[in-house]
Each structure stands twice: as structure tokens, then as C-alpha cells.
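**Student:** Listed below, chain by chain, are the residues.
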Amino acid sequence: MPDRVALIGGVYSNYLALQAAIDDAQRRGVDAIYCLGDLGAFGPHPDRVFPILQENNVQVVQGNYDNSIGNDLQDCQCGYTDPRDNYFAKLSYDYTYANTHADNKRWMRDLPSEIRFELGGYRVLLCHGSPRKMNEFLWQSTTPLHFLDKLARDHEADIICATHTGIHWQKSLPNDKYFANVGVIGRPENDGQTHVGYMILEVNGKPSFEYVPLEYDYQRLAKEMREEKLPEEFVETILTGWWTTCLEILPAKERKCGQY
Amino acid sequence: MQTTPLDIAAPVTEYPELHLDALDNLWFQVSGTLCNIACDHCFISCSPRNHSFEFMTLDQVEAYLQESVDLGVKEYYFTGGEPFMNRQILEILERTLEFGPATVLTNGMLVKEKTAKRLEEIEAASPYSLEIRVSMDGYTEEMNDAIRGKGVFKKAMAGTKLLYEHGFLPIITVTKTWEDHKDEEVMNGFTRVLKEHGYGRPRLKILPSLKLGKEIARTRGYHKYEMVTHEMLAEFDYSQFICSNSRVATNRGVVVCPILLEAESAYMGETLKEATKSYELQEQACYTCYLYGSICSNFSSGGTDA
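Protein sequences appear in the order of chains W and V.
Letter 133 of the first sequence, counting from 1, is numbered 133 in the numbering used here, and no numbers are missing.
Letter 110 of the second sequence, counting from 1, is numbered 110 in the numbering used here, and no numbers are missing.
Quick caveat, the hints were computed from the structure, so don't treat them as lab data.
A portion of the hints provided could be inaccurate.
Just some of the chain W residues that point at chain V, by a computed CB distance under 8 Å [unchecked claim]: (1) H146; (2) P251; (3) R255.
A quick note: this is a predicted structure, and the numbers were derived from the prediction, not measured.
Glycine included, every Cβ here is placed at the ideal spot set by N, Cα and C.
One chain only, chain V, in its complex shape:
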């Protein structure tokens, strides 16, 4: 049904080359690498002082939104860093929701009453969904704050409750830092505690940890053999790779995917059009997509097998 985009025959290419099938998901590194906290497992080591990437302006976002129309972009994602540190974030979301659905990846800590109320108004005014994904790493203060920092749990829970009270059903996004046999215990723990904190209909999304950035110190980096090779892709569903359907706009151009932000190979060009060229799967982080699939997007886009 679909043609394979793997240019296996390319003579000079050492790495497998992946074509962009369609630009379905446009990400915005809207707060750069700036975050109000500094989690131990952050794969791009965001912090209050990491200025590798800076905030994007409404004008910068607008230009990419305009360009996205012809390319038929289906969903817009906003990440960082912490998106709510960007002073223009509400205007940016409001404008984006005139084009299509938007998802914000946040730690929830900066969501206060005024922001939650404005978000509710922005969502109600659009025919498209505004998803809020709140990152947490434990369902107890002890478990969460060991990774995310002291005092984070309480603020994130308070933000989540406010969002729920303003009509949102935040997707609680959890990076897996426990053994497989504890999956059910952790899922049940989150559901129970979120309900106790006033979030009546919890939605959960579990992500694998990415062995990049600060996570290398917390656990380990990738092993040498953890690379994507031509042989591994022979029977593989290439749509599992996020670079087959996504790109990331930043304050200094377009990069190939959210987890390769800082890799030299990740820069694709200034415009979306330039960034539609194919990408060589040369980073060890590419192995993550091989193992787990396109983990970054929401559930609602549909399966990848048929």
C-alpha cells in the first residue's frame, strides 16, 4: 500500500536515509531550552540558564504557521523548556488554534488562575482541541521530587487541578523510571493520587526515558551497538520514526526532531520547505524511535500499522 522511503540503494550513504512522508506534526521549541526547573532525566538538559535555544516570538511562530498551510500540517505541538515561561504563549496558542489543534507540553507549575481562565477562553473559541500535557515523574512527592526537584510535585498538582477546574483533561505524561513489573502499581498510583488531588478523570501517558542529556549521568548513555542500521529496517514500519512525519521549529531554524535538538546533524534549514528534505538516521537517539515508535505525539492521530 505504501512505498518504502528508505533509500537503501544510495551508494555514498552510510546511514539509512528517511524521507519525510508528510509533515503531519509541527513542533515549536517555543521556550527554547529554558525551564524553571532542571530535571535529572531531561534529554536536552533544560534549565533556567540553558540558552542554547531561546524563546520564540509570536512573529516567528506566525511565519511557520503560514508556511504550514500548504504543507497540510495536521497538528501543532509546543514544547521547551517550559512553554509557560514564554510571555507570548497565550497569544501564540490563540493564533495557532485558528489553524489547527494544539498540544502544550508543560510541567504545570506556572499555571495559575489567570492563565487557566485565559486558556479556557482560548479553547472554547476554537473548533480545534487544545491538549495540555503535564509532566510528572511520581505519584508521591518523594518519588516525583527526587527527579524533578524539591517542591515541584505540589505545584504541578495544583496546576493540574486548576486546568481540570477550567474544563481541561490534562494528559499526565510520565517518563518511565521504574521496572516493568511495577507498571500497574505506578499507573494505579497515579490515578488514585490525581483523583485525591481533585483531578477526577485522569489521563496518563507513559514515555520511555531517553538516554541523552542529563539522563546519561542518571542512568547511562546509549551503547555503541544501539544504532539504526539498514539491516534492522528491512521489514520495519518506517512511520514509527518521528522524522517521517514531524519537524521542529526553533528560534534558529528547523531541526529534525524534538529529541535531537542539539545534535549537529539535526539542523534542516530556515524554512519548513527546506526542512522537508530527508534525514540520515545517524544518531544513537534514533534507536529510541526504533524501539518505541513515535512516542512524542498524542494518541489520537491513529495507528501506524495498516
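Looking at chain W on its own, in the form it has when it is part of the complex:
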């Protein structure tokens, strides 16, 4: 039997997509489900993701958002420098912080910053941003092969998986090493599509990644976001698939793919 695991990226309080991803992964008969962190942000009712993760035995890596909320920090540690980006990041953070139960904050505070295991003889390292820095963005168009190769060497891993940017991609490295950004299920990928997605990693002799696009009830999510008085800009992203905020961190190639 091949070894298969499901890798779910940033949840951003999208508990509807989280449940859909877990259901889908279980239908496919994966051996384990992992989440790579950033449980809160952006979406409504942050407390709703925790029972889903815990009841389904999902193992979770700590994201920068989880680290911030769990440790009562002032902001999400995304490192935005643009005033408009920071304005929306703060709205999102303050809402999430105010609506996360103390027990869940504690639970997030104690999450590990990385998870390691072996899959079919390959050393797998799951992290949030990068193995060296929780809030480092690894975009496809600004991450050279030799840089990933050095990460794999420095951190003694054959397969590195991360999330944090919101857009999935993957790369085979020299010497039978691999990198994948598993994307996020919290919001669409700035491509005009409403679906989100997660990654299945399978080792059947050689490792392979499959990105699984995931339909979920995004209309309901949008409705609940409006009921919670979250910014209309966030709702627009869920309904249209285009990012409207926190755009200044995007590198040129990724930015050009979007509408704004």
C-alpha cells in the first residue's frame, strides 16, 4: 500500500471548507491529515474550526496567526508595510482575537512550529512559512531552486511542505528532494475561481503531490461574514475569487495574475 497523507493549508476560520476538505480526504482513504497552520483570520466564528480539527485527529503546525492569537500579541506578524494592508489586517486580527475562546488560544499557543515524519523512506518536514521562519513567504516566482535546496540541506529533510502565501505550487529539487506550498482553504487563490484546495502527498516509490480543488458552500460563508460585519472587501474575495486586500506583499508575477 502506498503512503498517502492530506496536507491542509491556512484555514482562516473557513470551517465550512475545513469540513469539506476532511470529508474529501477521508473518502480518498488517506493515512493521516495534517494542517499547516493559520487557523483564524479573515472568516467568521473562529471557534468553529477547533472541534472539527480535534474530532478528526488532525495534527496541526502552528502558524504566525496562531502564534499571535495564542500569545496575545498585537498583530498577526504577517509583516505588512503598506498602510491599507495593515488597516485590513488589523480588522481581521481584532475580530479573530475577540472571538476566540481562551481554551482555543491556549491550544494554539502550544502547537508545534514543525512536524516531522517519514513517508515511504522520505523525511517529511511540515512547517507554516518556511522551516527557518514561521512567517516567511515562499512564493513560486521569488523562491529559487538553489534556495530550496539549501533549506532541505540545512533542515535535513527530503520533502518540505509549507503554506502561508495562499497560492499553491510545487517543485522537484536536485537529489530527489521536493518542495510544496500546499495553498490554503481559507480563501480562493486570486484566480477568479471560488473554490479552494488542499494537497495530497503520496509516496509510491517516488513522492507525488496532487492539488485537490475543493468546492464548498461559499455562499453560506459569505452570508455569515456579512452577519458578523466583516469587511465587504473580504466577502468579495470569497464570492469572486479575487484578492482585494493585503496585496502589496505579492511579487510581480503573482500580482499580475489577480484583478487588483
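Let chain W serve as the given structure and place chain V on it in line with the hints.
**Tutor:** Just chain V now, with coordinates in the frame of chain W:
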């Protein structure tokens, strides 16, 4: 999570010593200190006649690119002076984009149709981003040209429009020369005027002014107390210092950071490997990083706190 690189215990060191954590950003002083204009606030006083540093050749750049692979460099930056004065700049960018993402810091004035078209082709052929940062200092001709020189505004706007028409989204980089309370007014002014000039999706980056070079005459230099001390760094996030993650290749060796080009202490060695040694924060300009963080790189590299 991270170990501090501050060698506070070093007995003979008067200045705080900063280790290179990783060489993430490799800068190229690709046009030396040669520029087609001479801005009043230039921190290294670039001009058509400043030959302190000369143009780099493709061969010189190639050698550093080769060396950068093992060091795991993440991004390449090209500055000057004015990079588009270097006749080999397009070949240099094309070659660099085989290694990783590249950013060019330009005044935009020399970007004509032929250059913009070639840049578009070079960008399309690479999986990596080619960022163009166009420097401007005002959203009106009057405001901009008072600092950058007569006629500069129109040419920079024309270059920006051409770049946009050829698929780029230039980052308009502005040195802050106004009071804090005018931030919003200036940002809105830039956005409006750039759109009026045909740049439909403006991106803006605001930089503090550096009290070096010609800026000393325009405003003032650093005060004596504006130095980085051991005490100031006790609880400080050292990754705010650009010398913890960057070096600058020039036509005569590697220096520690883009703003200390001409300081005697800045020379680190001939090769990147030699230049990976630590640096003592002995210049008053180091205070700029202490105040504002690593302002020189783009936004997309990620935060510095976690």
C-alpha cells in the same frame, strides 16, 4: 526560536557585531555611482561624473551569480546609480533570471519602447519575478523636480507608462520628504496622478530619507548620539538590519550594505564567501536600520518578527 547573532561578549569590540544570518539578498551596484541625474537627497551622491564605483560587467555579475548558488541566495537586486546606463543591463537581467528573482531600482527615465519590449520578453521567459522599482519624489512636476532635477518628472512618468504597457507593475519608490501628517495626502496624490498618466494599478513604497551624501546639505546629517549601541540591541530583532541578510557586489569587491557603499568599514572582501564574515555596526547610518528596519528590499520576502 532563533539564536541571537550579537556577539555582545566579544572583549575587544567596541561596536555591536552582527553576523550574517543567511545571504538572502544579493545586491549589485551594477552602474556604480554613475547616474544620468543628480538628486538632492542621494545618499551616495550619484551623478554623471561620480566614478567612485564603475559599471559592472556581465562577467563580473556572472561570477557572483555562480557563487551565490551554494550560499542559497533568495533574491537579486540591481542598483546604482542608474542601472539602465549600463549597456549590458538587459543581458545581465536575462542571465540573473535563470538563477532567481530580480529587482531593478531605476529612475525610469531611460526606459524607451525598445528597452521595455526587451524587458517584457526577458520577464516572460523566466519562472521568476522581475520587479522594476521606479524612484519618484513627488506626484507633481514641481514637487518631484525640485529634488530630482528639471524635466525628470515627465520622463519618469513616460517610462513608467511604457513599463505598464509592457506588462509590468512598477513599484513607485518614494523617499519621504514631507511631514507625517501629509502621508495620506501624498499617497493619494501619487495614486491619482499615476492613474492619470496611464499607470492603472499603481504600487507604492515609501522610504525614509537617509542622512548621508547630498542629503546632509539638504536637511542635516546624523546627530552624534545617533549610533547603535549594545544597550539598544538588548531586546532588538536583529533581522531588521540589512547586514544580517544582504551584501552588495560592486566592480571592486563586496561591501556590507547598499547605503554604506563609500564607508571605509563597509568593504568585506573580493568574494561572497569572504564577505560572509560579521560586521561591526560602527556607522551612524546603521541607526537608520535600527529605526526603520530593512527598508531596501521588496515587500514579498516576509515579516521579521516571528
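**Student:** Taking the hints in turn, state whether each one holds.
**Tutor:** Results for each hint:
1. Interface hint status for H146(W): upheld, as the beta-carbon distance to the closest one in chain V is roughly 4 Å, under 8 Å.
2. Interface hint status for P251(W): upheld, as the beta-carbon distance to the closest one in chain V is roughly 4 Å, under 8 Å.
3. At a threshold of 8 Å, the smallest CB-CB gap from R255(W) to chain V is about 6 Å, leaving the interface hint in force.
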